[in-house]
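Novice: As a plain string of letters, each chain reads:
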Amino acid sequence: MPLSKDEVRHVAMLARLGLEPGEEDFYAGQLSGILEHIDRLQQLDTEDIPPTAQVVEIASRLREDEPRPCLSQEEALANAPAAVDGFFRVPSIQEET
Amino acid sequence: MADWETVIGMEVHVQPKTRSKMFCGCSVADVNEPPNTHVCEICLGLPGTLPAINRAAVEACIKTALALRCEIPRHTKFDRKNYMYPDLPKGYQISQYDLPMSVNGLLEVDGRKVRIRRVHLEEDTGKLVHAGDKLHKAWESYVDLNRAGVPLMEIVSEPDLRSADEARDYAIELRTVLRAIGASEADMEKGQLRAEPNVSIRRAGTDALGVKTELKNINSFRALHRAILYEVDRQQKLLETGGTVVQETRGWSEDEERTFSQRSKEFAEDYRYFPEPDLPPLELDRAWIEELRAALPELPAIRRARLVSQHGLTAGQAAIISADRDLADLYETAVMQGAPPLPTANWIVNEVAPTGKLLDPAYLAELMTMLQAKDITRDQAREAYFESVETGRTPAEIVAEHGYRQVSDESELRVIAEAVIDANPKAVADYRNGKTQALNALLNELRKKAPQANPKVARELLLKLLG
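For the record, the sequence lines run as chains A and B.
Plus 2 on top of the position in the first sequence (first one is 1) and you've got my numbering.
Plus 2 on top of the position in the second sequence (first one is 1) and you've got my numbering.
Calculated from the structure, these hints are not laboratory results.
Just so you know, not all the hints are guaranteed correct.
Stated by the list, open to error - Chain B regions said to be covered by chain A (calculated; three or more residues, Cβ under 8 Å):
| no. | segment |
| --- | --- |
| 1 | 52 to 64 |
| 2 | 83 to 89 |
| 3 | 142 to 156 |
| 4 | 280 to 292 |
By construction, the Cβ of each residue, glycine as well, lies at the ideal position given by its N, Cα and C atoms.
Produce the entire structure from the sequences given, and follow the hints as far as they go.
Specialist: Written as structure tokens, this is what we have:
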């Protein structure tokens, strides 16, 4: 099932990716190829196979509730493009009212 | 015009009592810690890190599920809820989607059975501070990730509540249960319990659900109540004037006492959930679950009923005392050690609950016995109570040291009463002219001069002398 240009734009928006003009078609083709591959996998008979969310055969591994040292504020902010007064600074996220 | 019926389902987020975050070892920060001081590579979402599930959070969630009479399925897992917003730097929140930790529970609130759809675990998000300049539209946001990754339980009810009162009482009962089982401190002011009601209305007698709105930014039980009342009224006016309710999230503004739309065009709900590949699924040990079930304390509703039937308390007294496990434990231990049940309940409701100052149960029993025997006045008992809390000395010692005693003998009080009457001609005249409250002024004067006076005897004596 080929992906429409609108769907590509929607997915790009959700991932906050900016697309150049013409890229919608390019990615629509690539992503459709992936979906077609999945469609082929769907044809397999998996009736007797339990759904798998994990390929590692480990279950129920829990961590004890013991605090460990955190990063310092300086370390935490070291890679931030912008910071102010100990906060990460990000552009204009203002909730609409 | 046919009546409307209000229909409310509740989503309540509760921070379980843990020392570290949900998926990393960062300590859980207090509210006023400096920003970004409780963060690490994992909760900052740096590449190459792996989350690990906090056992204490799982345990608190199981206990909550059990207290809410939920089923705990054999398999549960975490999922990614994808959305791009700076409050979670990973670009997704780890939550639970189709296989939550627990399902199908029940919480009874004043006789109404509220079905619990699910209780699941997830992580909290960071905090955004919006700053900017309206004139120049130069907005920016500041991000503090101390809360990002803090464990949260989400408790979702079915739409079984029918009024703002019921929704508030449900939230209060939930808090009481969470505190009683030690799953959370559930302090609303600290954001440890956040209630988000889903509100819709429908014509009375119909079954189909109306379009709902979800209310956020609610910081107190009072705000919860008022936000729902406002929202019901808003929806009713809309529908009665030919409008329609739009399904959306609305924020409650405490200052303006209204709800407002928080819709954001860019924030269309499209979370593309998928199983969290970095976390193993959970197959919870049934023996562990049974251990936790066996260790659950008596639940508040049951304790409340027992306080009424066993000790003869009023429903109101029982509600206040059982709302706090420490109060209830203090009460029952003191009574077991000989404290008279009713005066002690009265004492706890009026003196202990409002101050939160708890005395050793044996000392409380000792003090209540003295009060019951009329050896000391209530004011003296209060002084002795708080002094005992402060110093750790026994009430008997304190009473003896201060020479506290109650005088119920009229002849001992008569001289003082007569002096008070002589010294306050105006109050006496007022009283004789029918101003009955003037008696209280005289009584207060008398008690200033003779704190040991039995107030009831003193009052009767004054009445007699005023003739």
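Novice: How about the segment 142 to 156 of chain B: do at least three of its residues have a C-beta closer than 8 Å to a C-beta of chain A?
Specialist: It holds: at least three residues are needed, and the segment 142 to 156 of chain B offers 6 whose Cβ sits within less than 8 Å of chain A.
Novice: Using a Cβ cutoff of 8 Å, are there at least 3 residues of the segment 52 to 64 of chain B near chain A, or does the coverage claim fail?
Specialist: holds (count 7)
Novice: If you count the residues of the segment 280 to 292 of chain B with a beta-carbon closer than 8 Å to a beta-carbon of chain A, do you get 3 or more?
Specialist: With 6 residues close enough to chain A, the hint holds.
Novice: Holds or violated: the segment 83 to 89 of chain B covered by chain A, criterion of 3 or more residues with Cβ-Cβ distance under 8 Å?
Specialist: holds (count 5)
Consistency with the previously given hints is maintained throughout, with no hint failing.
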